[in-house]
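Undergrad: Okay, here's what each chain looks like letter by letter:
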Amino acid sequence: GESVGLHLPTLSVQEGDNSIINCAYSNSASDYFIWYKQESGKGPQFIIDIRSNMDKRQGQRVTVLLNKTVKHLSLQIAATQPGDSAVYFCAEASGGSNYKLTFGKGTLLTVNP
Amino acid sequence: GAGVSQSPSNKVTEKGKDVELRCDPISGHTALYWYRQSLGQGLEFLIYFQGNSAPDKSGLPSDRFSAERTGGSVSTLTIQRTQQEDSAVYLCASSLQGTSGETQYFGPGTRLLVL
Chain A
37 GESVGLHLPT LSVQEGDNSI INCAYSNSAS DYFIWYKQES GKGPQFIIDI RSNMDKRQGQ
97 RVTVLLNKTV KHLSLQIAAT QPGDSAVYFC AEASGGSNYK LTFGKGTLLT VNP
Chain B
19 GAGVSQSPSN KVTEKGKDVE LRCDPISGHT ALYWYRQSLG QGLEFLIYFQ GNSAPDKSGL
79 PSDRFSAERT GGSVSTLTIQ RTQQEDSAVY LCASSLQGTS GETQYFGPGT RLLVL
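Same order as they appear, the protein sequences are chains A and B.
Here our numbering is used: the first residue of the first sequence is 37, the next is one more, and so on.
Here our numbering is used: the first residue of the second sequence is 19, the next is one more, and so on.
Extracted from the complex, chain B is given alone in its bound form (with noise of 0.2 Å):
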């Protein structure tokens, strides 16, 4: 797989559960980003990783929405009594670096919807 995937492509959960979503960036990137893209808006940014540290949280949009990543490869965004405003797609990119002005390419996304 040459591109960054995403797990699973669809979501449908209860209001108040925790859900776990899944990236793995492309192979050799060491820079990972996660994005929220809500029903017909652009993207906001939420997180980035360079390798397995976190030194941007500041999208976040609360203290239920946390994430990991190991062995500098794959990510997960846990979202903990979910609410139905965290119905979203949400957007995993990796990059080579990290680096100013460096392509981030994007996963297909989880499409999250909660009830």
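Just chain A, same shape as in the assembly (with noise of 0.2 Å):
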């Protein structure tokens, strides 16, 4: 079946350095993808979304940026901070099936002061 994947399992970064995290997915027919943070013992946190109509979005400290071209996802924290640290899941959905998110495996953030 078609899945979304991760390049890195883990990635380790310097108190105020920027981070990027990378996201591969195969499916095609996806349209819409999200960025989570899950801290140990907590549930997914929304990060930041985007629509395949787009290319790049950006929050507070956060831009995801999307290539159909080549089906890869990123995720740049800028000036990344001690509380960053968690784990990062890209999930997608498509077409009718918008509700059903299909999740990666997620990478590891580690952020050393």
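Because the hints were derived from the structure by calculation, they are not lab data.
Errors might be hidden in some of the hints.
Unchecked claim - Per the computed footprint, the stretches of chain A lying under chain B, defined by three or more beta-carbons under 8 Å from a beta-carbon of chain B, are:
#	stretch
1	73-84
2	137-146
Stated by the list, open to error - Below are the SDA-like pairs computed for lysine to any residue, each with C-alpha atoms no more than 25 Å apart in a straight line:
#	chain 1	residue 1	chain 2	residue 2
3	A	Lys92	A	Asn63
4	A	Lys136	B	Asp81
5	A	Lys78	B	Val92
6	A	Lys73	A	Leu47
7	A	Lys136	B	Asp42
8	B	Lys35	B	Pro126
9	B	Lys75	B	Ser56
10	A	Lys78	B	Gln59
Even glycine gets a Cβ: it sits at the ideal position worked out from N, Cα and C.
Assembly of the complex is requested from the two constituent chains, each provided in isolation within its own frame, with the hints serving as guidance.
TA: Here you go:
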């Protein structure tokens, strides 16, 4: 079946650096993408989303980039802080099943002070 | 309570026992979702409710799993005759209407351990 996956399972950065977390997806019909942050012992927390008619969307300290040509999604976190340490998941949804999210396995981001 | 709540937060049971997991969605949200997260894995879709109806149950792994929603609010996920492979975190989410591209808000999950 089609799935969403991540290039890097772990990422370690220094506080203040910028972080980039990558995600590859294989379902060309996907038209909605979301990034979630999950801290230990908690449920996923919505960070930012993007629709397939866009290639970039910015939030507070975060930017999501979508490259439909190569089916690639990335999350950029500016000035990474210790509180950003968590597992980050990308998720996708498509067409009529836009309610059904398909998640990748996650990337563990560790921010070193 | 502004967010999605789930109970219990942790559940330990013996193989073969039945368990019930509860989800209280955000007030006013008509759509409710159950997902399962195995250790070190991403989330796996189980079932989707629109109001009290479940138009998509395709993710339920076996007939030992069932879910219901009453009053368009609280939902219960029941696992009968639990097996060790059922051990996971069960997450509930809700969204306002369940329409295209709507943000799903997650609860903290119930950590189920089957011995």
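Undergrad: List, from low to high, the hint numbers that the structure doesn't satisfy.
TA: none
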